[in-house]
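S.K.: Keeping their order, the protein sequence lines are chains A and B.
In case it helps, this note's numbering puts the first sequence at residues 1 to 304.
In case it helps, this note's numbering puts the second sequence at residues 305 to 733.
A few of these clues could be false.
[Said to hold, decoys possible] For lysine to aspartate or glutamate, the following EDC-like pairs were computed, each having C-alpha atoms within a straight-line distance of at most 20 Å:
#	chain 1	residue 1	chain 2	residue 2
1	A	K144	B	E488
2	B	K723	A	D75
3	A	K144	B	D486
4	B	K363	B	E346
5	B	K542	A	D75
6	B	K712	A	E74
The set of hints was computed from the structure by calculation and includes no laboratory data.
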Amino acid sequence: MNSKEKNNIKNSYSFASTAAYFFIAPALLAILIFFFIPVIAAFVISFTDFDIYALGNFNTVRFVGINNYIRLFEDPLFWLSLKNTSYYVILATPLSIAVSLGAAMLLNSKLLKYKSIFRLSYFMPYVTTLVAVAIVWRFIYHPKFGILNYFLGLVGINPIDWLGDPNWAMPAIVIMSVWKSFGYSMIIFIAGLQNIPEDLYEAASLEGANEWQKFKSITLPLLAPTTLFISIITIVGYFQLFAEPYIMTQGGPLNSTLSIVQYMYQEGFRWWNMGYSASIAFVLFFIILIITMIQFKVQKITSK
Amino acid sequence: MKASKLISLIIFILFLVLFYACSRNSDKETTIKFWAMGSEAEYVTKLVPEFEKRNPGIKVKVQAVPWNAAQEKLITAFASDNTPDACQLGNTWVPQFTYLNAITNLDEYINGSSVVKKENYFEGIWDTNVLDSLVYGVPWYVDTRLIFYRTDIFERAGYKQPPKSWAELYDLCKKIKALYKDEEKYAIYLPTNEWPPFIIFGLQNNASLLKDNNTRAYFNSREFKESFEFLIKFHKEKLAPIGISQVTNVYQALKDEYFSIYISGPWNINEFKKWMTGNLTDKWSTAPMPSKSGEDYPGVSLAGGSSLVVFKNSQHKEETWKFIEFLSGPSTQIKFYNLLYNLPAVKEAWEDSSIANNIYTKAFYEQFNNVVATPKIPEWEQIAFSKVQQYAELAARNAMSIDNALQKLDKDVNQILEKRRWLMSVEDE
Numbered sequence: 001m002n003s004k005e006k007n008n009i010k011n012s013y014s015f016a017s018t019a020a021y022f023f024i025a026p027a028l029l030a031i032l033i034f035f036f037i038p039v040i041a042a043f044v045i046s047f048t049d050f051d052i053y054a055l056g057n058f059n060t061v062r063f064v065g066i067n068n069y070i071r072l073f074e075d076p077l078f079w080l081s082l083k084n085t086s087y088y089v090i091l092a093t094p095l096s097i098a099v100s101l102g103a104a105m106l107l108n109s110k111l112l113k114y115k116s117i118f119r120l121s122y123f124m125p126y127v128t129t130l131v132a133v134a135i136v137w138r139f140i141y142h143p144k145f146g147i148l149n150y151f152l153g154l155v156g157i158n159p160i161d162w163l164g165d166p167n168w169a170m171p172a173i174v175i176m177s178v179w180k181s182f183g184y185s186m187i188i189f190i191a192g193l194q195n196i197p198e199d200l201y202e203a204a205s206l207e208g209a210n211e212w213q214k215f216k217s218i219t220l221p222l223l224a225p226t227t228l229f230i231s232i233i234t235i236v237g238y239f240q241l242f243a244e245p246y247i248m249t250q251g252g253p254l255n256s257t258l259s260i261v262q263y264m265y266q267e268g269f270r271w272w273n274m275g276y277s278a279s280i281a282f283v284l285f286f287i288i289l290i291i292t293m294i295q296f297k298v299q300k301i302t303s304k
Numbered sequence: 305m306k307a308s309k310l311i312s313l314i315i316f317i318l319f320l321v322l323f324y325a326c327s328r329n330s331d332k333e334t335t336i337k338f339w340a341m342g343s344e345a346e347y348v349t350k351l352v353p354e355f356e357k358r359n360p361g362i363k364v365k366v367q368a369v370p371w372n373a374a375q376e377k378l379i380t381a382f383a384s385d386n387t388p389d390a391c392q393l394g395n396t397w398v399p400q401f402t403y404l405n406a407i408t409n410l411d412e413y414i415n416g417s418s419v420v421k422k423e424n425y426f427e428g429i430w431d432t433n434v435l436d437s438l439v440y441g442v443p444w445y446v447d448t449r450l451i452f453y454r455t456d457i458f459e460r461a462g463y464k465q466p467p468k469s470w471a472e473l474y475d476l477c478k479k480i481k482a483l484y485k486d487e488e489k490y491a492i493y494l495p496t497n498e499w500p501p502f503i504i505f506g507l508q509n510n511a512s513l514l515k516d517n518n519t520r521a522y523f524n525s526r527e528f529k530e531s532f533e534f535l536i537k538f539h540k541e542k543l544a545p546i547g548i549s550q551v552t553n554v555y556q557a558l559k560d561e562y563f564s565i566y567i568s569g570p571w572n573i574n575e576f577k578k579w580m581t582g583n584l585t586d587k588w589s590t591a592p593m594p595s596k597s598g599e600d601y602p603g604v605s606l607a608g609g610s611s612l613v614v615f616k617n618s619q620h621k622e623e624t625w626k627f628i629e630f631l632s633g634p635s636t637q638i639k640f641y642n643l644l645y646n647l648p649a650v651k652e653a654w655e656d657s658s659i660a661n662n663i664y665t666k667a668f669y670e671q672f673n674n675v676v677a678t679p680k681i682p683e684w685e686q687i688a689f690s691k692v693q694q695y696a697e698l699a700a701r702n703a704m705s706i707d708n709a710l711q712k713l714d715k716d717v718n719q720i721l722e723k724r725r726w727l728m729s730v731e732d733e
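Chain B on its own, in the form it takes in the complex:
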């Protein structure tokens, strides 16, 4: 009885497999596999029907990958030859996957395209996808870091305008801190588990971060040291909270005036909107980064966002490219913005009233005209996340002098870059 049931079940499954295989063969349809991360995956599926209608014969299968496991999953997929046709890739990961030889060069497709053109994009963002003057990704949506602040507190501290220079920023923070006297409140939040401000201020001071064709660390340079000292000063003078455990919720903290300035990205616009309600609704805003002297305002920030890439193993590159062109069209970009509020990479989309009328995105548009990429090497993530943050924390907590911290940072980073130096020396021979 049981055995016969099992056998019939097996036969049934075999039938299903056969049926599925046949049904796939009989159609002349191509299915392209697209991996997207987090909520992007959820919302991009809403755009797919439109694409399938315009391109009969091409089906798109979207698979969601959680952000925090994305890199691991993609690399594992690559190692086992299971990569999708295309995927969304954080643009700082583009170098890594290029070195892995996992993604394909797109110049040929871009040259023949009427939709994807370099001049349609922000220059700094486009550049993050270029390695050795070859393009490996098309910007999908963009982000950068700038200032989120409390307008009412700024006014109380005597600032009608957001700070335009480092000196103004420092002065403003001093004045905000003075508003609270002995209360445990701060002016700015510069958590040491977020590396971007430390790199941004370095770049604003023309620090080169790495040298010798990105094979050696150069954090111990005069330029980087100056910017690093500037930021650590906020911690040392109690203008910024040192630990990160007090702030379990940055939105609540800004609401409670625990701090009034936070350097963050566009994903927080809607979160702050949700939290800053009631009489606080119009008490916050966004502003571009200050610059060092204030003359070349706004100062530089990081070119972030996600790019669309095509995998080398893809059997349907032409069809995949059509999908990428579809996602890059201004109308699709506007639709995607209205679904998820990810800022569009295509400049034309910014002219749409839904974005142009948003008071919080204006600062971002200004900022995007002055963004640069972090060093385009596969080791950068490790350098930024593990080393820059580690030594920033040690310096902020005064567990190490700034000189000592930067020397050790250079030493550790040089160790990480050892393989890269070796590879470059082999290439030269």
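Okay, chain A solo, but in the shape it has when bound:
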């Protein structure tokens, strides 16, 4: 290859990369304008006391340094909302994974007929509007007339005031949101299950392994990447808990279902304390970032 040819290749390469930038420019620009600039603006706002007075007269904005963050760490409502959200995530994530994996395995079974009907009906809650779902669940949970308490009554359990008792409100939200969202993880699990070669199971059967041993030694390890993926998106999604309590309980009773995002929304869009609200957003961002980093670390260690 002579130098002229080399030059030609180099030129065409640089031309190609310029063209590539040109092609992605609109998308980049959109991300810049609609994502990075607002995020940076929010970050700056979180160091000010931007509020309703500031909307009327910009001169009343004060730069308060990290005061919002200090106030946040002294705010019992923030800690309560963090506690509530963590409680929700800890309760709902394993439950959601177990339910969706179980459903996926049942749907993947060769014995099952009319698979698509089941798959559709399990997936249905995920694509149904939450507002409609929440209204129906409010009836299900009604302490006097709810069907859930009726069934519990049949087995001799006293009626529970699901949404009115501070101890039961969050578990009630967990049950509803797991029911609502497990269909999505289930579909991903089904895809993961179908990727496991059938001959592994056949070989195990020849060796005399029972169903539990097959599940433990073949299904679970080979599903590990899928499970990790699902647990990350589930946790990240669950940390942003908002609509369920917003519609079902408005954060009550006694703020026992107040989530971080809901607290942020209240402070920001109900009371227009934008500065304080932005600081809540960034704390939530760092929490989710740290959890995701831990999960990736765990994945690296286990894959070695």
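Position chain B against the provided structure of chain A, taking the given hints into account.
M.R.: Positioned in the frame of chain A, the structure of chain B alone reads:
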């Protein structure tokens, strides 16, 4: 083929825009934009043709804004310079929009008006629109809170008349509760997600709520504590249900005698009419609030309702004012009442037989002569909705002592008012 179609579509749209722009320029018509909330928007459009007929050259465009998103939408509109010419504003929001510098002072227009005059309105209601002795809104329709009750249950408990004092109210509730023995029924509904009763009883006991020119909380005062204790007593003695989840439908609950007294507003008159049917039709009524001693009956309640405001950015203030005058005329007010049953703000309208003969509105007329405004500061909504309700719930559920709850309430409210204190100190310098 496709490209040419697209081009012709674009040309067509451009034409439309051009046509629209031309048609607007050629007319000498002014269009005023009016935002109204909920069903008011739907019904006010029925009044508009009459106005347009009387005022050729002025067109009114009504836009509906849902109540629960109204404040958010208005503030966003203000932030982006997209405010309408006029709008309906809950009168507790008037201070907020005045501080935002969004709405215009109306004194000049009122002084020159033969229709809108202070003496035509209920004093307490008019006052909600006044800040630093300047008027920023004209009352459109009014509401307040008073007692909705079951007449038959009152009679069974030995009360021919609604209670006139706190002591009577308490005694009556005890007697109602006794009617049901072990049944899970209550006398009164005082849900902790509705702050007005907690504030009303405080005001009846002359509590000042805030102090130092509304820059500091004063809920821990002797007066407020007394009234707060009085209300929480109903929860503690099981005269009122503690939770709010049992009552998914207040109308059904009143029908089922789950409770017999509910403190609410005029928007519920028609709802109760719809629910209390059959042999229950005449088994309910309304009554003014009791007062503490009973001597100065009826006791004070809150001055609520909606006002009409003009935005500073409006280019057609004169025309907009004409529309407000039209909506404030007694005949329009009566028409609006008959469409939607919103109680008219203009006193003269109450003389019309359609209102005067309504047995449920009578109590409201009495009550409107004794109503006061809540503190006129932009932070009030947050204080009432998030803080008063939060600590009322904690106290009602016995999760916190009353002393502790009120101290914490003061602390939280002082935090909210920090900016206001700072602004006042800057102004003084």
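S.K.: CA of K712(B) to CA of E74(A), is that 20 Å or under?
M.R.: 14 Å, holds
S.K.: Is K144(A) within 20 Å of E488(B), Cα to Cα?
M.R.: 11 Å, holds
S.K.: So if I understand the rule, the pair passes when the alpha-carbon distance is 20 Å or less; does K723(B) with D75(A) pass?
M.R.: The hint holds at about 17 Å.
S.K.: So if I understand the rule, the pair passes when the alpha-carbon distance is 20 Å or less; does K542(B) with D75(A) pass?
M.R.: 32 Å, violated
S.K.: Does E346(B) lie within 20 Å of K363(B) when you go C-alpha to C-alpha?
M.R.: 17 Å, holds
S.K.: Under the criterion that the straight-line Cα-Cα distance not exceed 20 Å, is the pair K144(A), D486(B) satisfied?
M.R.: 16 Å, holds
In this structure, the one hint that does not hold is number 5.
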